[in-house]
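Sequences listed follow chains A and B, in order.
Count the first sequence with the numbering used here and you get residues 1 to 216, in order.
Count the second sequence with the numbering used here and you get residues 217 to 468, in order.
A few of these clues could be false.
As the list claims (entries may be wrong) - Derived CB-CB ranges, DEER-like:
#1 A/R143 to B/N313: 39 to 49 Å
#2 B/K335 to A/Y74: 49 to 59 Å
#3 B/T287 to A/A204: 52 to 62 Å
#4 B/N313 to A/T88: 46 to 56 Å
#5 A/F77 to B/K301: 18 to 28 Å
#6 B/A360 to A/M40: 28 to 38 Å
#7 A/G129 to B/E343: 24 to 34 Å
#8 A/R143 to B/R346: 26 to 36 Å
#9 A/R143 to B/Y294: 29 to 39 Å
Worth flagging that the hints you see were computed from the coordinates, not collected in a lab.
All C-beta atoms in this analysis are idealised placements derived from N, C-alpha and C, irrespective of residue type, glycine included.
Now for the letters of each chain:
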Amino acid sequence: MSLSVMLSQLGSGMLKSMGIFFLTLIFSLPLGLLVSFGRMSKNAILRTIVKIYISIMRGTPLMLQLLVVYFGPYFLFGMNIGGSYRFTAIIIGFSVNYAAYFAEIYRSGIESMPVGQYEAAKMLGYSKGKTFFKIILPQVIKRILPSITNEVITLVKDTSLSFALAYAEMFTIAKQIAAKETSFVPFIVAAIFYYIFNLVVALAMERIEKKLSYYQ
Amino acid sequence: MKLLEMKHISKNFDDLEVIKDISLSVEEGEILSIIGPSGSGKSTLLRCATMLETIDSGEICYMGERAAWVTPEGKKVYPRGETAKKIHSYFGLVFQNFNLFPHYSVMKNITDAPIHNQKRNKEEVYEEARQLLAKMGLSDKENAYPCQLSGGQCQRVAIARALALNPKILFFDEPTSALDPELTGEVLKVIKSLADLHIAMVIVTHEMAFARDISDKIIFMDKGVVALEGTPGEVFEADHDRMQEFLGKFRR
Ligand SMILES: Nc1ncnc2c1ncn2[C@@H]1O[C@H](COP(=O)(O)OP(=O)(O)OP(=O)(O)O)[C@@H](O)[C@H]1O
Ligand SMILES: [Mg+2]
Chain A
1 MSLSVMLSQL GSGMLKSMGI FFLTLIFSLP LGLLVSFGRM SKNAILRTIV
51 KIYISIMRGT PLMLQLLVVY FGPYFLFGMN IGGSYRFTAI IIGFSVNYAA
101 YFAEIYRSGI ESMPVGQYEA AKMLGYSKGK TFFKIILPQV IKRILPSITN
151 EVITLVKDTS LSFALAYAEM FTIAKQIAAK ETSFVPFIVA AIFYYIFNLV
201 VALAMERIEK KLSYYQ
Chain B
217 MKLLEMKHIS KNFDDLEVIK DISLSVEEGE ILSIIGPSGS GKSTLLRCAT
267 MLETIDSGEI CYMGERAAWV TPEGKKVYPR GETAKKIHSY FGLVFQNFNL
317 FPHYSVMKNI TDAPIHNQKR NKEEVYEEAR QLLAKMGLSD KENAYPCQLS
367 GGQCQRVAIA RALALNPKIL FFDEPTSALD PELTGEVLKV IKSLADLHIA
417 MVIVTHEMAF ARDISDKIIF MDKGVVALEG TPGEVFEADH DRMQEFLGKF
467 RR
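Next comes chain A alone, as it looks inside the complex:
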């Protein structure tokens, strides 16, 4: 196999990895916020359920979680899996897992906000919703951005776990080519791809952090 063929195959895998990456972020970032509300809820039952969910998500391997999401419906309901469900399962698995991590990050940020900000907002007639979305959340985002960056970088690498469901993202393809050609080159190329991807991600996050550095 020529290098250009290999590159183009890995490149198409890369696009799929990026698809997993962006979709996971789109779903897990808002979902994490919702989960963090549940985690901080006054309702003890809800709070406990969410706490258990977070602890399972963080306490078991993500690869195992992906397998459960993928094969679970078949074993539980005899549902027909495969086809497009493979991709859906990956996005669900990743989103639900990352939401748990993000929820804990949101929670630490929200809990670190001084009560004076809420009191000032109340005095100025902000409703509860406005207080949260206009006053609290923007400051929370600034505070938690470094932790979010860490998770996002981990996510880039974690997309490779999709090989467990034989989804044709970059790592799966690299493994296939390596086996067929008995060559180590595809792994090196894949490593470079992941590295560059993360470099771009880190740069982007740095820019956002800079943009938010107009206040302390």
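Please arrange chain B with the ligands on chain A, whose structure you already have, making use of the hints.
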């Protein structure tokens, strides 16, 4: 009609009785200072008056309208909806540590609430905000962020922010005690200049000369009760042991 009336207010934190059956009233345009030793309940009283704390008994009225009360069965009642909005529009609070919104510019700190919460005309609000900033001596700071200001400047922005909502009464909880001594003067001067706006003020302060100078009425609080009440002259000259002992600490 009294602007503010607090009748037989008490407040406990668990077993600790912090406010014990306090009654007081404020007329429109009146300036009341509250002085007293640390822990006597001054902040708690302000927080009850501004609904940041619930009361355990008694009744609070603004402009003759009940804003908080406790039923004989001990149920705490706070009006909701439009009534609550109206009552909250009567008062503002200036905090000891300012509590400005750090992610908003000075201008946005002042104008956001009048525009979006009171739904007032944007141009009008901006115009008024500029006048307020001029009054505070901060005309050149409208685009600055709170982190770029000194403590004294922050407190003046906080005062402008509270005034922008056109309250009838403004509460101050030790507005200068988070400030370096050399910044205290500028804030006190601004507060004094508000007297001609004819808005009522309730000021918790440890600045005795200031309180004596600006107030129509002074309350000396001690251990959760009003120990003395009267004109500045009456309170400061009173032959009252606790009061003289308290003043003695400032004469050193
Ligand atoms: N949220 C709270 N929970 C429990 N106790 C409280 C709370 N807030 C105040 N207290 C207690 O109530 C008492 C009165 O406090 P408060 O802050 O009203 O005093 P203060 O007169 O404002 O004092 P200072 O001059 O030091 O500001 C104190 O003993 C304080 O410890
Ligand atoms: Mg106090």
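Tell me, in ascending order, the numbers of any earlier hints that this structure violates. 1 and 5
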